[in-house]
Amino acid sequence: MTEIAIHAKNLSRHFGDVTAVESVDLDIPAGQIYGFLGPNGSGKTTIIRMLCGLLTPSSGEVRVLGLEVPAQAEALRRKIGYMTQKFSLYDDLTVVENMQFMASIHGLAGRDAKARIDGLLDRYALRDMRNRFASAMSGGQRQRLALAVATLHSPTLLFLDEPTSAVDPENRRDFWEKLFDLSDAGTTILVSTHYMDEAERCHQLAILQTGHLRNQGAPQALLAALQDRVVAITGGNLRRVKEEALRLPQVQSAAQQGMHLRVLLRSGTADATGYLRKHLSDSTLTLAHAAASLEDVFVASTTGGDRA
Amino acid sequence: MSSLRRIGAVTGKEFRQLSRDRVTFAMVVMIPLMQLLLFGYAISTMVRHIPVAVVDNSGSGAARFITEQVRVTQVVDVVGYYATAEEAEDAIVDGTVRAALILPENLAQRVAGGEPVGQWLVDGSDTMVSSALLGLRTMPLHLEAGTPAGAYQAATPTFEVALFFNPERRSEVNIVPGLTAIILTMTLVLFTAVALVRERERGNLELLITTPIHPLELMVGKLVPYIFVGLVQVTIILGLGHLIFNVPFQGEIASLCAVTLPFIAASLALGLLFSTLADTQMQAMQMTFFVLMPSILLSGFMFPFDAMPLPAQYIAEVLPATHYMRLIRGVVLRGADAAQLLPDILWLLGFTVVMLAVATKRFRKSLD
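Listed in order, the protein sequences are those of chains A and B. Each residue of the first sequence is one higher than the last, beginning at 1 in the working numbering. Each residue of the second sequence is one higher than the last, beginning at 309 in the working numbering.
Misleading hints may appear alongside valid ones.
Unchecked claim - Across the chosen pairs, the derived CB separations fall in these ranges:
| hint | chain 1 | residue 1 | chain 2 | residue 2 | range |
| --- | --- | --- | --- | --- | --- |
| 1 | B | 676 | A | 156 | 58 to 66 Å |
| 2 | B | 657 | A | 104 | 46 to 54 Å |
| 3 | B | 547 | A | 86 | 39 to 47 Å |
| 4 | A | 27 | B | 674 | 18 to 26 Å |
| 5 | A | 295 | B | 674 | 32 to 40 Å |
| 6 | B | 333 | A | 93 | 33 to 41 Å |
| 7 | A | 93 | B | 351 | 46 to 54 Å |
| 8 | B | 506 | A | 154 | 29 to 37 Å |
| 9 | A | 86 | B | 330 | 19 to 27 Å |
Said to hold, decoys possible - With a cut-off of at most 30 Å between alpha-carbon atoms, the simulated DSS-like pairs for lysine-lysine come out as follows:
| hint | chain 1 | residue 1 | chain 2 | residue 2 |
| --- | --- | --- | --- | --- |
| 10 | B | 669 | A | 79 |
| 11 | A | 278 | A | 242 |
| 12 | A | 9 | B | 673 |
| 13 | B | 530 | B | 321 |
| 14 | A | 114 | B | 669 |
| 15 | A | 114 | A | 178 |
| 16 | A | 114 | B | 673 |
| 17 | B | 530 | A | 86 |
| 18 | A | 79 | A | 9 |
| 19 | A | 9 | A | 86 |
| 20 | A | 242 | B | 673 |
| 21 | A | 86 | A | 178 |
| 22 | A | 86 | A | 114 |
| 23 | A | 79 | A | 114 |
| 24 | A | 79 | A | 178 |
| 25 | B | 530 | A | 79 |
| 26 | A | 86 | B | 673 |
| 27 | B | 530 | B | 669 |
| 28 | B | 673 | A | 79 |
Think of the hints as simulated: they come from the structure by calculation, not from any bench. Glycine included, each C-beta is placed from N, C-alpha and C at the ideal position.
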């Protein structure tokens, strides 16, 4: 049995009448990259803030790295790194000045701090711009700096809140390489995202919607669970076919993708193509099983009984 | 016509936004209210109830009679009696009284000879106060039931007057030291309030509070640079005041520091409290304004403190600027020693401690 880095039970948070997070249970194993996948407003940031002790839960219990949160949050702060959604270092300080400042805050001093900063400048390719103001950096460069600062004190657990929302795909791939390096070195990483391709890279994934935990598991397992439920339809008038398909009781969702219509059937449908062939009026359509994508997993998990 | 409609659209939108911005909306009402009350209370060209001391060397009934007549003019309040002129001068230096009336041993002879009956020793640093006391110089005096009022209205004045500290009665002498209190209030409260709110607005704070830093460490660290800002400003104002306006500096540098540092601390602590109350830099500025206005009008900077009605004096006593006004004028103009001004210094330190405690309590390391 692997060690549990983060344990949350029945975690809820209300802001006035608004429920941001509702009865979420989490058991996140140490050493993994664990993803929170969900749209804006699904409660990703609120959960992360509760896990690092920035927000007090309305109810429920949280244990992070064996510490009760928020009661022992002070002790926890020495062991975690946190990268906020918005760039939160100082625009009017240079790369090195930002790093030195945060190193001092974390109690690193003298030769230790210098060596640590030196190493991070190289690892995150920041040496050439070490005297540049943070305000003059691109989105990707800022993210590298923010990650370097979040790992300054070698935390065993990293919280990354939508770290790549302002970063182009190329830099995003780079960024994930760094995350895997950290993970290989034993750091547990909790990362939130609304990008499917990023979610797919995680070891484990939690799908969130309107504050509820809808599904969790390894991406492969989640995909496998949808096997035989996705059908690609080509030919005919796809818009009309979509309308017809959505009226069928076993169809959970249907979405056009270029020349295809992807139809997701409810679990328990024995023969997906056969079912559609039988109930769709246009017999000239080509029906074929398609590999499930993470988007299908997301749709399957979040639409529940309702039609998308 | 369509132009009218567009103007109407902008106006309607403006009203809607104005009514939703609560702080601005409050200012629409509060500014006229505050200004009216402050100016109404503070501006008084009739200076009355100036605290003075009496030194009676004659011990005669005539002395008591004269003192009583001075008192009923209401220009002064007799708050103390001293045995010697030296003690009275000390009381002027430490700010207990603004003037002292010395009645000499040979009072009876002087009265008989029609000479001035006594001497006023006056703290001349505030020209409005000294004007009011100079007005007493020729006050009519009647000494016995038989003597007609106005016997002393002739060529000789009733009293002699000695103006201390500012004999030429130049207003700069009083204004320049007082200006330090106003400028420090304005800049230090604003700088600190804005400095912390800015970190919150830019998101820096969310990162900082996930680190092991203690709120008090964060606050003290942020305040220290502004202590130097305050000292630099005091040096500039008093230095230039001395060079350009020839404002004398009677006191000791050590005393200046001893009274200035507590005031800087009080201003910074107040700014810190504002920073925990304000959500935006704009709000922090508006809060500063609400302290600055009364500091200018009620602290004794523009109008003599003693001349204000009691309610205004109570409000003024809360403001750090009022206490610093007394301290800085005492040190710079009257050469007072910091030890002589202890009550105001202690008040500023107490204010600092209370504000810091409230601010630290309000600033919690969470986003709740």
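Hint-by-hint comparison with the structure:
no. : hint                        : verdict
1   : B:676 <-> A:156: 58 to 66 Å : violated, 26 Å
2   : B:657 <-> A:104: 46 to 54 Å : violated, 30 Å
3   : B:547 <-> A:86: 39 to 47 Å  : holds, 44 Å
4   : A:27 <-> B:674: 18 to 26 Å  : holds, 25 Å
5   : A:295 <-> B:674: 32 to 40 Å : holds, 36 Å
6   : B:333 <-> A:93: 33 to 41 Å  : holds, 37 Å
7   : A:93 <-> B:351: 46 to 54 Å  : holds, 48 Å
8   : B:506 <-> A:154: 29 to 37 Å : holds, 30 Å
9   : A:86 <-> B:330: 19 to 27 Å  : holds, 25 Å
10  : B:669 <-> A:79              : holds, 25 Å
11  : A:278 <-> A:242             : holds, 15 Å
12  : A:9 <-> B:673               : holds, 23 Å
13  : B:530 <-> B:321             : violated, 40 Å
14  : A:114 <-> B:669             : violated, 35 Å
15  : A:114 <-> A:178             : holds, 21 Å
16  : A:114 <-> B:673             : holds, 28 Å
17  : B:530 <-> A:86              : holds, 23 Å
18  : A:79 <-> A:9                : holds, 21 Å
19  : A:9 <-> A:86                : holds, 28 Å
20  : A:242 <-> B:673             : violated, 52 Å
21  : A:86 <-> A:178              : holds, 20 Å
22  : A:86 <-> A:114              : holds, 27 Å
23  : A:79 <-> A:114              : holds, 20 Å
24  : A:79 <-> A:178              : holds, 19 Å
25  : B:530 <-> A:79              : holds, 25 Å
26  : A:86 <-> B:673              : holds, 18 Å
27  : B:530 <-> B:669             : holds, 17 Å
28  : B:673 <-> A:79              : holds, 16 Å
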